[in-house]
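Colleague: Each chain is listed here by its residues.
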Amino acid sequence: MKRLPWWLRDLIYGAIFIAVLIGASYGMDAIHIAGIAYYQRIVVLMGINIILAVSLNIINGHAGQFSLGHAGFMAIGAYFAAFLTYFYFAPYVNRFPAGTEQWVLQNALLLVAVLLGGALAALAGYLVGLPSLRLRGDYLAIVTLGFGEIIRVVILNIDKIGAARGFTGIPNWANFFWVYLFCGITILISWRLVQSSVGRAFLAIREDEIAAEAMGVDATKYKVKAFIIGSFMAGVSGGLFAHFMMYLNPDMFRFLRSFEVVVMVVLGGLGSISGSIVAAIILTYLPEGLRLAKPFLHIEKDPRMVIYSIMLIVLMLTRPQGLLGRRELWQVLKRRKDAPKEEPDAAARN
Amino acid sequence: MPLLETKNVTIRFGGLTAVSDFNLTIEPHELVGLIGPNGAGKTTIFNMLTGVYRPNEGAIFVNGKATRNCKPYDITALGVARTFQNIRLFKELTVLDNVKIGGHIHYKYSSASAVLHTNRFHEAESIAEADAIELLRIFNLDKRAQFYARNLPYGDQRRLEIARAMAVRPKLLLLDEPAAGLNTGETMELMEKIHEIRDRFNLTILLIEHNMELVMGICERIVVLNFGKTIAHGTPEQVRSNPVVIEAYLGEPVEA
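Heads up: the protein sequence lines correspond to chains A and B, in order. If you read the first sequence in this note's numbering, its first letter stands for residue 1, the second for the next number, and so on. If you read the second sequence in this note's numbering, its first letter stands for residue 1001, the second for the next number, and so on.
Mixed in with the good hints there might be a few duds.
Pairs of lysine-lysine residues, derived as DSS-like cross-links and limited to a Cα-Cα distance of at most 30 Å, are as follows [as the list claims (entries may be wrong)]:
#	chain 1	residue 1	chain 2	residue 2
1	B	K1007	B	K1229
2	A	K334	B	K1171
3	A	K334	B	K1091
4	B	K1171	B	K1007
5	A	K221	B	K1171
Calculated directly from the structure, the hints in this document are not laboratory data.
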């Protein structure tokens, strides 16, 4: 069978995906049940967390560079996109009367703001990626951790974007459609990269850097590449977050935020894209869903964060390799014939 | 022009001179052995040849090009591939992917091509797949292409390392104790394999080995190292009967 030209095939898949998304967002808008807005909100936040987890998975899971600065990249994207929209794009859009023209302009400018936010985050990723030429493991983790805090403190001191008061008045331009569009793009990029020579280079560096270099892989180049791609997507998710929440505060991007994303990646299984997605969905819903547990427990205080922590501990004790290990969801479910063979005793032997 | 030439290569780690004044010239298609007691500096020489260490003094030329400022991946691009003494496979990847990574420098396309799945991507990937399967077949590993590398038996892991190095399409292959841990039968098989690939791919091979049967059996020329110094150099027969070599391995003769 002759293959369709690559651009035509991707265009068709892209169109189908966008059509489904539009259908889903109309569907969601059409539901009018009391309290549904709360769940719709959770679904959108899930999408944002999926972008974060999948992008961090490229850096941590595929390239094996332990980064704790993902909230920093997200903050850069969020603040820069919000800055552009608030000071330049929104005043411009508001000059137009409400209607199709304004709607098109608004969405186009959202796209521009979010992509530029991602680009600035990618630049930061490049700069943070540079020390990763020399640092490994724990040391790199500390550098990226410090980086995230620096970003937060810098933002905290810029009065124009709200400093400690927070950045208010960001227009509500992002919605289900945009978040899941970028979600799809992030997953696609991540998946296709890992199937390519670029992804194989990432994995080789993770497995054994010396051997990778002996095979002609420029480890530095690929590590920086992983940082750039991962931080770009984190920046994009930040931009979407800003235009969805309509409010930003430096406290949203504390170390704890980075840590939440790391937990998603590790819990899903380092290196497993579908694992990151599943973990992002579960960990976004869990703190909310556990509110339902309170009436059954007959205690005054809300125990949901305690239960949440206990569940994490139990999960990590029972499945230290993460929910899916290094495999993808369908490999675990189907155990396809061509899936990598596993001997249960092999891990113990090495 | 010699394929590999080292001139007075010396490296010191702190106060220890690991290798001093190492001179070696290898012509294309030669099969040279590097032997010596433990700690003689053999693997250190490999690490200098492949750019992992930088010599303090002296110069290394690959195909006439000085490699002083080359990173390991630059030297790989010059056509030098190696295996490791303590197997360094990509354990959590499949056997097939291990070999594909060996061919990394030959399957070039941009990240954008990879994401968009352009024709360039499909062409390069199908060549990568075909090349890798071909190599696995030569090393009788094709049936285990989908195994994780860490799940292979030890002998297969050794052979996979050579297959991965061959995917670089090297002119010069450096084998660091390829027979370590193999039994006699496997060692004999490996000897034949080394001969086979040398003729088939017109390779030049430099190998470190403790198994004298293998070294004496296949090498045309042998360099003997002790405490970082070259103590003997010649054909297997010359080396075997050299009193200095015997002393290095067995100690001084006891006076009656």
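Colleague: All hints are to be evaluated individually against the structure, with a verdict given for each.
Modeller: The hints, checked one at a time:
1. Between K1007/B and K1229/B the alpha-carbon distance is near 13 Å, which keeps this suggested pair within the 30 Å criterion.
2. A distance of roughly 43 Å separates the Cα atoms of K334/A and K1171/B; the hinted pair therefore is violated under the 30 Å criterion.
3. Taking the CA atoms of K334/A and K1091/B, the gap is about 23 Å. The hint holds against a cut of 30 Å.
4. The straight-line distance between the Cα atoms of K1171/B and K1007/B is roughly 20 Å, inside the 30 Å bound, and the hint therefore holds.
5. For the given pair, K221/A sits about 25 Å from K1171/B by alpha-carbon distance, which is consistent with the 30 Å threshold.
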